[in-house]
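Per numbering that gives the first Met the number 0, the sequence shown starts with residue 0, numbered consecutively.
One or more hints might be untrue.
Distance windows between CB atoms, simulated [said to hold, decoys possible]:
id, residue 1, residue 2, range
1, G136, R106, 36 to 42 Å
2, S337, V313, 50 to 56 Å
3, A213, D287, 20 to 26 Å
4, A213, T338, 37 to 43 Å
5, I101, P132, 48 to 54 Å
6, D316, L17, 21 to 27 Å
7, L319, R106, 39 to 45 Å
8, P293, V340, 22 to 28 Å
9, R210, V313, 28 to 34 Å
10, G136, A199, 42 to 48 Å
11, D287, G108, 43 to 49 Å
None of these hints come from the bench; they were simulated from the model. Remember, it's a predicted structure, so these values are computed and weren't measured experimentally. Beta carbons: idealized from backbone N, C-alpha and C, even for Gly.
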Amino acid sequence: MAAEGPGLPRERAFTRVLPPLLIVVGVVFDALTPPQFTASPLFAAAPLIAAPFYSLATTVATAAVSCAAVLALRIDNHAGVDVQVVTSFVTMLTVGALAVVINRVVRRGDVRLASARSIAEAAQRAVLPQPDPRIGGLDVAARYEAAQAGAFIGGDLYAVQDTPHGVRLVVGDVRGKGMGAVAAVAVVIGAFREAAEQEATLEAVAQRLERALAREGTRRDGLDAFEGFTTAVLAEIPRGGGTVRLVNRGHPEPLLLRADGRLCVLSPAEPALPLGMGDLGAWPDRADETDFPPGSTLLLYTDGLSEARDARGVFYDPALRLGGRIFSGADAPDALLSTLVAEVLDHTGGGANDDMALLAVRRPVTPGD
Numbered sequence: 000m001a002a003e004g005p006g007l008p009r010e011r012a013f014t015r016v017l018p019p020l021l022i023v024v025g026v027v028f029d030a031l032t033p034p035q036f037t038a039s040p041l042f043a044a045a046p047l048i049a050a051p052f053y054s055l056a057t058t059v060a061t062a063a064v065s066c067a068a069v070l071a072l073r074i075d076n077h078a079g080v081d082v083q084v085v086t087s088f089v090t091m092l093t094v095g096a097l098a099v100v101i102n103r104v105v106r107r108g109d110v111r112l113a114s115a116r117s118i119a120e121a122a123q124r125a126v127l128p129q130p131d132p133r134i135g136g137l138d139v140a141a142r143y144e145a146a147q148a149g150a151f152i153g154g155d156l157y158a159v160q161d162t163p164h165g166v167r168l169v170v171g172d173v174r175g176k177g178m179g180a181v182a183a184v185a186v187v188i189g190a191f192r193e194a195a196e197q198e199a200t201l202e203a204v205a206q207r208l209e210r211a212l213a214r215e216g217t218r219r220d221g222l223d224a225f226e227g228f229t230t231a232v233l234a235e236i237p238r239g240g241g242t243v244r245l246v247n248r249g250h251p252e253p254l255l256l257r258a259d260g261r262l263c264v265l266s267p268a269e270p271a272l273p274l275g276m277g278d279l280g281a282w283p284d285r286a287d288e289t290d291f292p293p294g295s296t297l298l299l300y301t302d303g304l305s306e307a308r309d310a311r312g313v314f315y316d317p318a319l320r321l322g323g324r325i326f327s328g329a330d331a332p333d334a335l336l337s338t339l340v341a342e343v344l345d346h347t348g349g350g351a352n353d354d355m356a357l358l359a360v361r362r363p364v365t366p367g368d
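Throw the hints in and build the complete structure from the sequences for me.
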């Protein structure tokens, strides 16, 4: 889910220029209006707005400028220092002190958040290593893009495994945020790597993941024990074959980009619940099979891509954006992912709202094709 609204970066930029703007407006207002009118609320608001967004030095400077402006304007309006002038100045000093306190509290919170996030990111990198660019005769690229600063790290995951049954892949999204989500990611990845080697069918791999998440759910306390789930899509590309098999458990639909630019949305024949929700439906997994011709690229992704929104709330549509475009050569998967990341950043105004995991696999063209 999105951590913050799509227009937040622009709102923050406006908020950062608001304190000096308020001071300027306050000075102009006081200079152009009779003495009985006052712009003191504007001067008081400036340091309070600066406190959460500016450094301590800038917050103090904003408070000092506001105090100086109030003192100078009050003395000018009252032709000297009187009780009203002193009262206004003391009020501004109090507001300035409060702004400094707010700044310190916010900064300490930022440090704690940054520390927690860096720990989560390090743990996530440990369980989501970058795959080799060539696995089982296929060109591979993966990318994990974290959400904008301040958002909790999510539970997006990917893995690629060269097995006796072909190259097997998974991309998923664990419910939740923070270290709890990272721990669940480790469970899913570990179960996938073991099952991908041992199970003869992709359907059996999905069932192994289901059981692993069920065990993890009983181990957890509180809400996660009842509501934990993972959307995922599993793929299997047999050795030397021109097909790909897919099991989709409530996840965004993969895309197949053909060598000539045609794009296919790989929708499941039958919808299925996410992993971890097997108690709600007792039906077997059924893999869908489709052609995977030479030069084609399979794209798996999480909803951080398809639900990225611009300032108007319009979603980024990867199928619409990629249709008719050609990515060729051994570096096609990496070029595709770089294009997607750049377009999402442009679409959202530089502040992605949710983490996204991207995995692209290309079947190269060989002399016999």
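Cross-check of the supplied hints:
Range check, G136 to R106: Cβ separation about 52 Å, and the 36 to 42 Å hint is violated. For S337 and V313, the Cβ-Cβ distance of about 22 Å falls outside the hinted range of 50 to 56 Å, so the restraint is violated. Take A213 and D287: their Cβ atoms lie about 24 Å apart, and the range 20 to 26 Å holds. In this structure the hint that A213 and T338 lie 37 to 43 Å apart at CB holds, the actual value being about 38 Å.
Checked against the hint of 48 to 54 Å, the C-beta distance between I101 and P132 comes to roughly 49 Å, which is consistent with it. At roughly 35 Å, the beta carbons of D316 and L17 sit outside the given window of 21 to 27 Å. Hint check: L319 to R106, Cβ distance near 42 Å, so the stated range 39 to 45 Å holds. Our hint of 22 to 28 Å for P293 and V340 holds, since their Cβ atoms are close to 26 Å apart.
For the pair R210 and V313, the beta carbons lie near 40 Å from each other, so the given range of 28 to 34 Å is not met. With their beta carbons about 21 Å apart, G136 and A199 fall outside the hinted range of 42 to 48 Å. For D287 paired with G108, a C-beta distance near 47 Å keeps the hint of 43 to 49 Å intact.
The structure fails to meet hints 1, 2, 6, 9 and 10 from the earlier list, while all remaining hints are met.
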